[in-house]
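Line order of the protein sequences matches chains A and B.
Using numbering that gives the first Met the number 0, you'd call the opening residue of the first sequence number 0 and step up by one each time.
Using numbering that gives the first Met the number 0, you'd call the opening residue of the second sequence number 0 and step up by one each time.
Treat the hints as calculated values from the structure; they're not laboratory data.
One or more of the hints may lead you astray.
[Said to hold, decoys possible] Simulated crosslink set (EDC-like; lysine to aspartate or glutamate; CA at most 20 angstroms straight-line):
1) B:K88 - A:D33
2) A:K253 - B:D52
3) B:K51 - B:E26
4) A:K155 - B:E23
[Unchecked claim] A few chain A positions that, by computed beta-carbon distances, are all more than 10 angstroms from chain B:
5) S71
6) D92
7) A107
[Claimed, not checked] Partner residues are not named here, just some residues of chain A that face chain B (Cβ under 8 angstroms, in silico):
8) I105
9) L112
10) L134
11) S135
12) R137
13) G160
14) V163
15) R173
16) G183
17) V184
18) N186
19) M192
20) M195
21) M200
22) L295
For each residue, glycine too, the CB sits at the ideal point set by N, CA and C.
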Amino acid sequence: MRELHDKEKVSSLKTLTFTPTQRSHYLATKFGYDEWVLNRFIHFVPSAESLIEKMLEPVPKYIRTNTLKITSKELVARLVPKGFQLSATILADVFEVNASNARVSIGATIEYLLGYYYIQDITSCMAVEALDAQLSQRVLDMTSAPGGKTTLIAQKMHNTGSIVAVEASPRRIRPLSFNLARCGVMNTSIYQMDAMNCSNMNVRFDRILLDAPCSGEGMIWNDVSRRSGRNPDDIAKYSQVQKKLFATALQILKPGGILVYSTCSFAPEENELVVDSMLDRFNLKVEPLPFGNSGLTGFGEMVFRDNLELTARFYPHIHNSIGFYIARLRKTD
Amino acid sequence: MFRSATKSELTQLRRAFDSWGIFEFMESQVMLVKGDPTNRSRQVLITTEPSKDTVNQLVEYPKRVGLIIGELQNKKFTPSLGGAEVIAKFGRNFPYILVNEMAEGLVLYGRDILGESVLEVSKGLGQNKKVIILNQNRESIGVGQTRFSGENIFRKGEVTVYTLLDLGMYLRDQDNQ
Chain A
0 MRELHDKEKV SSLKTLTFTP TQRSHYLATK FGYDEWVLNR FIHFVPSAES LIEKMLEPVP
60 KYIRTNTLKI TSKELVARLV PKGFQLSATI LADVFEVNAS NARVSIGATI EYLLGYYYIQ
120 DITSCMAVEA LDAQLSQRVL DMTSAPGGKT TLIAQKMHNT GSIVAVEASP RRIRPLSFNL
180 ARCGVMNTSI YQMDAMNCSN MNVRFDRILL DAPCSGEGMI WNDVSRRSGR NPDDIAKYSQ
240 VQKKLFATAL QILKPGGILV YSTCSFAPEE NELVVDSMLD RFNLKVEPLP FGNSGLTGFG
300 EMVFRDNLEL TARFYPHIHN SIGFYIARLR KTD
Chain B
0 MFRSATKSEL TQLRRAFDSW GIFEFMESQV MLVKGDPTNR SRQVLITTEP SKDTVNQLVE
60 YPKRVGLIIG ELQNKKFTPS LGGAEVIAKF GRNFPYILVN EMAEGLVLYG RDILGESVLE
120 VSKGLGQNKK VIILNQNRES IGVGQTRFSG ENIFRKGEVT VYTLLDLGMY LRDQDNQ
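Pulled out of the complex, with its shape left as it was, chain A reads as follows (with noise of 0.2 angstroms):
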């Protein structure tokens, strides 16, 4: 293992933060943020102010068609005479969901529990579409509860080949479990493990999908508790895990091989920096992304390769999802 990057030694010391500013003291207050999480948005955000603003609004939601069991044309026939509202989205078979003059909600209808749909914010999807997974392939979800990605995974394989479910929390093994049998999933097997320990497995992977943990700071939408009463160490301490998981996938995943990085966090130390510390230490390529606004090449001090811009940032403002990054990238030797 060679030394630390510079770059790496610069985020195990601390996360940045920058000088607070008037303005970040103003909207910090006005919008119950802590101050240093609304002066880093300021730094990197386009347009943070409006950022703030569209958190105030109601979460869209979304839902992905599950066409293991449905076309999207016949689901949309029996949802809309309930009440529901679908917009089609950029995404062929996700729609976002307007339920204001539905009878029940869009987690508790008939179609739902047939299986029919997944209820999934449409960056999940995208993370998915990214995977590019092909028919028969094996496949590596590492951190695969509750089942949204692994049962759009299977999906998109035709529920042939081979994926690999990975877990840690017993906890979430049975909602995965109970998400997969009702998307009607056979191709998948469920593993509880510590994905760190998934370069012992003795098999190699042609796709390896890392939804990394995070500090879940794209999800301050969803949970308004997560604007205040964090530490910017937080961040830091999920940088160095993304790492190691990021570099235990790496190790198990086959030469061409494609690996999807991605987290729920806006924090460039969880997302840029990690795929910049790997690039350093790993033959890989990063591929270019239909979706999304351009991954960062910088951040305060930090500067990050120019590909890295080939990555995907989404932000709530511009996407209307959550907010989230991708990145693929293709093992090269």
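Assemble chain B onto chain A, guided by the hints.
Frame of chain A; chain B shown alone:
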């Protein structure tokens, strides 16, 4: 342990699959059994050949593989919700009852079925018979057991079919997490 069915299990299962009308469908599936052959109860599941290979190659022990279609207990096979769906979709001449919309809603809360809610039953349905509960779209919404046979299943004012499994379990289980 996940393994292929023993010769004796295969005989029992084939007989059951025949009675549920999925014999032909199951012949084309990769089937595994979870649990030692001496266990009283064993899960039966279907998966893909590559998934089976992966499970065999990995040293780690999986919590779950593929889609559980039922349970083999005392030489008898009872479909799971996944199995009931397979039967409703691919089965021929399987035992079923078809219920009205109101009963559909009640079944999803685990409630038993009143005779007046039953719209249709399969031919020759006996007493204490396991059945697939279908809604008016002929989709499986659960597994039941008849209290009566034949026309008595339509008997008004009485529970005529017990609900053993229902799709609402997916939600109730999540709520209990």
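Taking the hints in turn, this is what the structure says about them:
1. B:K88 - A:D33: violated (54 angstroms)
2. A:K253 - B:D52: Holds - the C-alpha atoms of D52 (chain B) and K253 (chain A) are around 17 angstroms apart, at most 20 angstroms.
3. B:K51 - B:E26: This hinted pair holds, its Cα atoms lying about 16 angstroms apart.
4. A:K155 - B:E23: With a Cα-Cα distance of about 27 angstroms, the restraint between K155 (chain A) and E23 (chain B) is violated, given a limit of 20 angstroms.
5. S71: Given that every Cβ of chain B is farther than 10 angstroms from that of S71 (chain A), nearest at about 17 angstroms, it holds.
6. D92: holds (20 angstroms)
7. A107: violated (7 angstroms)
8. I105: violated (12 angstroms)
9. L112: L112 (chain A) check passes; min Cβ-Cβ to chain B is 4 angstroms, inside 8 angstroms.
10. L134: violated (10 angstroms)
11. S135: holds (6 angstroms)
12. R137: Hint holds; R137 (chain A) Cβ to chain B Cβ min 6 angstroms, cut 8 angstroms.
13. G160: With a closest approach of 5 angstroms, the G160 (chain A) hint holds.
14. V163: holds (6 angstroms)
15. R173: holds (7 angstroms)
16. G183: holds (7 angstroms)
17. V184: Holds, because the Cβ-Cβ distance from V184 (chain A) to chain B comes to roughly 7 angstroms (cut-off 8 angstroms).
18. N186: holds (5 angstroms)
19. M192: holds (6 angstroms)
20. M195: Not OK, violated: M195 (chain A) not within 8 angstroms of chain B, min 13 angstroms.
21. M200: It holds, given that the least Cβ distance between M200 (chain A) and chain B is near 6 angstroms, below 8 angstroms.
22. L295: At about 37 angstroms, which exceeds the 8 angstroms cut-off, the nearest Cβ of chain B leaves the hint on L295 (chain A) violated.
In this structure, the hints that do not hold are numbers 1, 4, 7, 8, 10, 20 and 22, in rising order.
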